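Peer 1: Using the sequences and the accompanying hints, generate a full structural model.
There are 2 protein chains.
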Amino acid sequence: MPVVELFRALGDPTRLEMVQRLSRREPHTIKSVSSGLSITRQGARKHLQILADAELVTLCPEGRETGVVLERDKLEQGKIFIAGLERQWDARLGALRRYVDKDLEK
Amino acid sequence: MPVVELFRALGDPTRLEMVQRLSRREPHTIKSVSSGLSITRQGARKHLQILADAELVTLCPEGRETGVVLERDKLEQGKIFIAGLERQWDARLGALRRYVDKDLEK
DNA sequence: TAATAATGCAACTATATAGTTGCCTTTTTA
DNA sequence: TAAAAAGGCAACTATATAGTTGCATTATTA
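If you read the protein sequences in the order shown, they are chains A and B.
Just add 468 to wherever you are in the first sequence, counting from 1, and you've got the working numbering.
Just add 468 to wherever you are in the second sequence, counting from 1, and you've got the working numbering.
One or more hints might be untrue.
[Unchecked claim] With a straight-line cut-off of 16 Å between C-alpha atoms, the simulated EDC-like cross-links for lysine to aspartate or glutamate are:
hint	chain 1	residue 1	chain 2	residue 2
1	A	Lys547	B	Glu554
2	B	Lys547	A	Glu533
3	B	Lys514	B	Asp480
4	A	Lys547	B	Glu544
5	B	Lys499	B	Glu485
6	A	Lys547	B	Asp541
7	B	Lys547	B	Glu473
8	A	Lys514	A	Glu544
9	A	Lys514	A	Glu494
10	A	Lys499	A	Glu485
11	B	Lys499	B	Glu530
12	B	Lys499	B	Glu533
13	B	Lys547	A	Asp521
14	B	Lys547	A	Glu544
15	A	Lys499	A	Glu533
16	B	Lys514	B	Glu485
Note that these hints are calculated values from the structure, not bench results.
Quantities reported herein were computed from a predicted structural model and do not represent experimental measurements.
Peer 2: Dropping the structure here:
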């Protein structure tokens with residue numbers, strides 16, 4: 469289930485910070501996306517690997533440095549998944565509960 | 469950062485299955501939302517607690533059993549957060565990159 | 001009221017995860 | 001070409017997490 473890996477990847481403050489940096493500014497290198505995080509380079513590198521394994525990010529080695537690119541489509545998949553949950557909720561019990569609530573107000 | 473907890477909560481196959489069950493059908497009890505998961509009752513209960521701590525779910529004890537209610541608003545917060553990332557991406561480098569790509573095609 | 005159903009609490013194990021340090025390689029650049 | 005910059009790989013530690021088992025509690029129901 470790839471969406472589980474996506475949510476797991478987003479479910480860490482360091483990684484979410486990285487994703488926010490990438491959404492705000494590109495291009496980023498491993499260095500720039502990892503700077504000022506109060507963890508070591510290798511610690512940050514592990515987080516980047518998790519993002520890459522979840523395909524939320526692509527690493528592009530070029531010469532001495534490695535570019536980090538955010539995969540917007542993957543974010544979209546997460547949004548679509550949540551929207552699907554909401555749609556089902558709306559369709560079934562949500563509608564019923566709203567009906568019952570309204571009925572009880574009388 | 470509450471959205472980190474939300475994503476962390478969704479980033480596990482058992483918990484995502486529970487959330488899907490809740491989105492498809494309500495009401496659910498701890499028992500019903502935990503049945504057939506190939507883990508013990510207590511294992512499932514721990515997952516439910518994580519969902520409750522993330523405020524994705526509310527536990528409502530009533531007599532002998534405890535109702536489990538999905539908090540739709542929390543899902544919505546996740547969707548909105550992702551949409552915000554996408555919006556920033558679209559506004560900044562995404563637009564620039566598309567421009568450069570188009571330019572290179574000539 | 002005795003049995004059963006639904007659940008809670010606590011202790012325990014095993015594995016995964018976050019983070020570190022040390023050292024090596026490759027590419028720029030002064 | 002020597003130094004610096006960016007990064008890879010591996011081993012290690014500590015803590016968090018998933019999952020278990022055992023036992024106790026509270027509500028129903030036969």
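Peer 1: Each of the hints needs a verdict: does it hold here or not?
Peer 2: Against the structure, the hints:
1. With a C-alpha separation of about 10 Å, the suggested pairing of Lys547/A with Glu554/B holds against the 16 Å cut-off.
2. Among the hinted pairs, Lys547/B with Glu533/A is inconsistent with the structure: their alpha-carbon atoms are about 33 Å apart, more than 16 Å.
3. Under the criterion of a C-alpha separation no larger than 16 Å, the hint pairing Lys514/B with Asp480/B is consistent with the structure, at around 12 Å.
4. Restraint check for Lys547/A and Glu544/B: the C-alpha separation of about 9 Å stays at or below 16 Å, so the hint holds.
5. Between the alpha carbons of Lys499/B and Glu485/B the distance comes to roughly 14 Å, so the proposed pair stays at or under 16 Å and holds.
6. In summary, the hint linking Lys547/A to Asp541/B is supported, as the alpha carbons are separated by about 14 Å, within the 16 Å threshold.
7. Taken as a hint, the Lys547/B and Glu473/B pair is honoured in the structure, with Cα atoms around 14 Å apart against an allowance of 16 Å.
8. Using a Cα cut-off of 16 Å, the hinted pair Lys514/A and Glu544/A is violated, with the two alpha carbons roughly 24 Å apart.
9. With a CA separation close to 20 Å, the supplied pair Lys514/A and Glu494/A exceeds the 16 Å bound.
10. This hinted pair checks out: Lys499/A and Glu485/A have alpha carbons roughly 14 Å apart, not beyond 16 Å.
11. Restraint check for Lys499/B and Glu530/B: satisfied, since their Cα atoms lie roughly 13 Å apart, inside the 16 Å limit.
12. A hinted pair counts as satisfied when its Cα atoms are at most 16 Å apart, and Lys499/B with Glu533/B qualifies at roughly 8 Å.
13. For the suggested pair Lys547/B and Asp521/A, the alpha carbons sit about 22 Å apart, so the restraint of at most 16 Å is broken.
14. With a CA separation close to 9 Å, the supplied pair Lys547/B and Glu544/A stays within the 16 Å bound.
15. Using a Cα cut-off of 16 Å, the hinted pair Lys499/A and Glu533/A holds, with the two alpha carbons roughly 8 Å apart.
16. With a CA separation close to 14 Å, the supplied pair Lys514/B and Glu485/B stays within the 16 Å bound.
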